[in-house]
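Each protein sequence line maps, in turn, to chains L and H.
Residue 310 in the working numbering sits at position 310 of the first sequence; the count goes up by one each step and never skips.
Each number in the working numbering comes from the position in the second sequence (counting from 1) with 1000 added on.
Treat the hints as calculated values from the structure; they're not laboratory data.
There could be a bad hint or two in this list.
To be verified - SDA-like, lysine to any residue: derived pairs with alpha carbons at most 20 Å apart:
| id | chain 1 | residue 1 | chain 2 | residue 2 |
| --- | --- | --- | --- | --- |
| 1 | H | Lys1255 | L | Gln312 |
| 2 | L | Lys255 | H | Arg1236 |
| 3 | L | Lys270 | H | Lys1255 |
| 4 | H | Lys1270 | L | Met232 |
| 5 | H | Lys1270 | L | Arg153 |
| 6 | L | Lys4 | L | Asn406 |
| 7 | L | Lys270 | H | Ser1383 |
| 8 | H | Lys1270 | L | Gly272 |
| 9 | H | Lys1255 | L | Ala234 |
| 10 | H | Lys1255 | L | Lys147 |
| 11 | H | Lys1270 | L | Ser383 |
Protein chains: 2
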Amino acid sequence: MLPKINTERFQDDFDALAQIGSTGDGGVNRPALSQAGIEARRWWIARAAEAGLETRIDGAGNHSAILRSPDPGARTLLLGSHTDSVPSGGRFDGALGVIAALEVLRTVRDADISLPVHLEAIDFTDEEGTHVGLIGSAALAGQLTAKSLENPRGGRALWEASLARAGLAEVGILSARRDPKSLAGYLELHIEQGPRLFNSGIDIGVVSGIVGIKSYRVEYRGEANHAGTTPMDARRDASLGASAFVLAARDLVMKNFPGCVVNVGQMAFKPGAFNIIPGYAELSLEFRAPEVERLAQLEAALVHLAERTGAQYGLVCAIEPAGMCAPAPMSERAQRAIIAAAESLGLSYATLPSGAGHDAMMLAPLTNAGMTFVSSRGGISHSPLEFTEWRDCVNGANVLLRAALNMAVERY
Amino acid sequence: MLPKINTERFQDDFDALAQIGSTGDGGVNRPALSQAGIEARRWWIARAAEAGLETRIDGAGNHSAILRSPDPGARTLLLGSHTDSVPSGGRFDGALGVIAALEVLRTVRDADISLPVHLEAIDFTDEEGTHVGLIGSAALAGQLTAKSLENPRGGRALWEASLARAGLAEVGILSARRDPKSLAGYLELHIEQGPRLFNSGIDIGVVSGIVGIKSYRVEYRGEANHAGTTPMDARRDASLGASAFVLAARDLVMKNFPGCVVNVGQMAFKPGAFNIIPGYAELSLEFRAPEVERLAQLEAALVHLAERTGAQYGLVCAIEPAGMCAPAPMSERAQRAIIAAAESLGLSYATLPSGAGHDAMMLAPLTNAGMTFVSSRGGISHSPLEFTEWRDCVNGANVLLRAALNMAVERY
Chain L
1 MLPKINTERF
11 QDDFDALAQI
21 GSTGDGGVNR
31 PALSQAGIEA
41 RRWWIARAAE
51 AGLETRIDGA
61 GNHSAILRSP
71 DPGARTLLLG
81 SHTDSVPSGG
91 RFDGALGVIA
101 ALEVLRTVRD
111 ADISLPVHLE
121 AIDFTDEEGT
131 HVGLIGSAAL
141 AGQLTAKSLE
151 NPRGGRALWE
161 ASLARAGLAE
171 VGILSARRDP
181 KSLAGYLELH
191 IEQGPRLFNS
201 GIDIGVVSGI
211 VGIKSYRVEY
221 RGEANHAGTT
231 PMDARRDASL
241 GASAFVLAAR
251 DLVMKNFPGC
261 VVNVGQMAFK
271 PGAFNIIPGY
281 AELSLEFRAP
291 EVERLAQLEA
301 ALVHLAERTG
311 AQYGLVCAIE
321 PAGMCAPAPM
331 SERAQRAIIA
341 AAESLGLSYA
351 TLPSGAGHDA
361 MMLAPLTNAG
371 MTFVSSRGGI
381 SHSPLEFTEW
391 RDCVNGANVL
401 LRAALNMAVE
411 RY
Chain H
1001 MLPKINTERF
1011 QDDFDALAQI
1021 GSTGDGGVNR
1031 PALSQAGIEA
1041 RRWWIARAAE
1051 AGLETRIDGA
1061 GNHSAILRSP
1071 DPGARTLLLG
1081 SHTDSVPSGG
1091 RFDGALGVIA
1101 ALEVLRTVRD
1111 ADISLPVHLE
1121 AIDFTDEEGT
1131 HVGLIGSAAL
1141 AGQLTAKSLE
1151 NPRGGRALWE
1161 ASLARAGLAE
1171 VGILSARRDP
1181 KSLAGYLELH
1191 IEQGPRLFNS
1201 GIDIGVVSGI
1211 VGIKSYRVEY
1221 RGEANHAGTT
1231 PMDARRDASL
1241 GASAFVLAAR
1251 DLVMKNFPGC
1261 VVNVGQMAFK
1271 PGAFNIIPGY
1281 AELSLEFRAP
1291 EVERLAQLEA
1301 ALVHLAERTG
1311 AQYGLVCAIE
1321 PAGMCAPAPM
1331 SERAQRAIIA
1341 AAESLGLSYA
1351 TLPSGAGHDA
1361 MMLAPLTNAG
1371 MTFVSSRGGI
1381 SHSPLEFTEW
1391 RDCVNGANVL
1401 LRAALNMAVE
1411 RY
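Please construct the entire structure, taking both the sequences and the accompanying hints into account.
Here it is in structure tokens:
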């Protein structure tokens, strides 16, 4: 009979971690490399050591617990996520995957199962982007450069103080790269952070890929003018192009790009007075698609739409790229391993893309990466209201365990 | 034969004033009570004194030149405008009317015409709102209170420094009220600041009234959410209500409210990130109509539209008044006097509302107020590009002269 995790030990650990940086309302405040963030990782690595597992902290601050294969030349199957949170975030996002990974190692060890791979539970540094985002997994994948650390989101002073607090240095972070040949794969358990599993009542999400993201700054230029003396039909009002684009972009995606999303999260008019017709409007555009080709089609359609909407109101449109993250398809092998795990446990499952970014997107180009989702109530996350039924957490951890066993015994 | 102004003297004065605070590109920078603003008024009052006119500065800093009637108990016919400008404004806005008023007094005096009214050319303080807006004319009309001076737009420090520079005090400003029974009327020559005369080639605008202005802050509340994981059809995106309102408000006014205008000059989304669906959108709404009743109808229609647009996207709409200025119809008598003046000079004219605010709106409830417009090239104003053909300036000044004579000889 295949093993299952120890649900009591799993719950004790989950609850203990949720106390570190607790905000008292069900949430946690554990920004990466903050006092609470560091405390959480110290507690976790101590729990791993108590369980008799080998522990390791790499140059990027990634914390690992390792269960060695009898074969010293074996590859490593990584199981991980992150313990850092957004400011005043929830207690499930990231934490669930890290606690489950440790529990999987203990369960395999307790069951005396010898595997042809090393199992490594890993807590990645700064997934949430307090400083840069995905630092730990990007460093491991060799995707970080000195340049990517130059302009941390919270500023250099916070970054340098945080590094000092954690005993880290930039040079160490850049040296944390692993040889892809040393890896057997990567599996991550995470809450969905969207409403699809919750709304459908399905137990397990098998992630097909992590969506690609592109962002742009879109500007419309018309003519600022007196809002009282300029007749309505003589205006070149930049607000009209911007507003029409917001509505048309949504229509375009809903009609022609099912499964994709678009967002205009920022908007500003200039000069910005009650009594002056806006001669200038600027907006932020972000859109996501699960496949490279679909992302490119969506991009072309939105750029065209932005320009056409401007022309319609006599405006000049300028559109400038502001960022890009390629879609990361999850490995077929990992998806099969997760599906077989769900089936062996009698759980319902559905294949779906992840609309949010995760450490798995950094691992995907390197090794066989896969993700398992469990339901988030109402799709809410990054909030103390974030909630996943305990039953779903246990199911997710058991799927992680069995998917890891499935992956471990495959040949490379 | 009826007199005409001295065009050479008029032009010399106009050009001399345009040098004070000149920005070197045809524009002037003469904010109210700035160094250049004060210098302009000193120069103007000196020109009046040189012409042998009586001069006066009231508690609100309004500068006047007076040509007395032989009847010491006569009423006063005011002719005025303002010498202050917006920052980096044009040389015609306000200045034209003040120079023309002085020229009218000199012309009447030179022609040895005795009138049954005193003629007073007046340069009102802070028409443009560097501090509060329409301070001089509002003070004269008894419309200012200590409260209206509490929150000057440029802050109290600038206001207090400006008062000290000009030798003024708030108590003096509040004491500048005139008895309406002392007034025979008010006439103002101004550039149109809109394109109607320019586009139609008509010489003279006879202002029927100054539009009423209402402003609101409109808020839409939805739900901030993850821009990647929240499906398009599960969003309560505040940007949609705000954008739809911008477009629908314009359509409403263009279809159902000819002669009225609407403007959304400010827009902001919150939380305001590329990757977060805006849960909150705020916009500024301003609309204008020439009559009280029409303004009320437009207000009701726009408030209803704001709410309906919100409901359409599942948003809560809150709409809060942010300001109001009642329509100011110009006196029939003043309009007849201006029309007769234009006809006597063989000039074409059209009756039109003023979409912009002017000192005349403060005088209208008090006395027979009237305004004459001349063409602005392309409707441009509040810019160094502001331009009025010299021919039109002269025509305007002659209309002001003859309208003043027409008003002066009427019985009260």
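Verification of the hints:
no.: 1; hint: H:Lys1255 to L:Gln312; in the structure: holds, 18 Å
no.: 2; hint: L:Lys255 to H:Arg1236; in the structure: holds, 18 Å
no.: 3; hint: L:Lys270 to H:Lys1255; in the structure: violated, 26 Å
no.: 4; hint: H:Lys1270 to L:Met232; in the structure: violated, 29 Å
no.: 5; hint: H:Lys1270 to L:Arg153; in the structure: holds, 18 Å
no.: 6; hint: L:Lys4 to L:Asn406; in the structure: holds, 14 Å
no.: 7; hint: L:Lys270 to H:Ser1383; in the structure: holds, 16 Å
no.: 8; hint: H:Lys1270 to L:Gly272; in the structure: holds, 17 Å
no.: 9; hint: H:Lys1255 to L:Ala234; in the structure: holds, 15 Å
no.: 10; hint: H:Lys1255 to L:Lys147; in the structure: violated, 55 Å
no.: 11; hint: H:Lys1270 to L:Ser383; in the structure: holds, 16 Å
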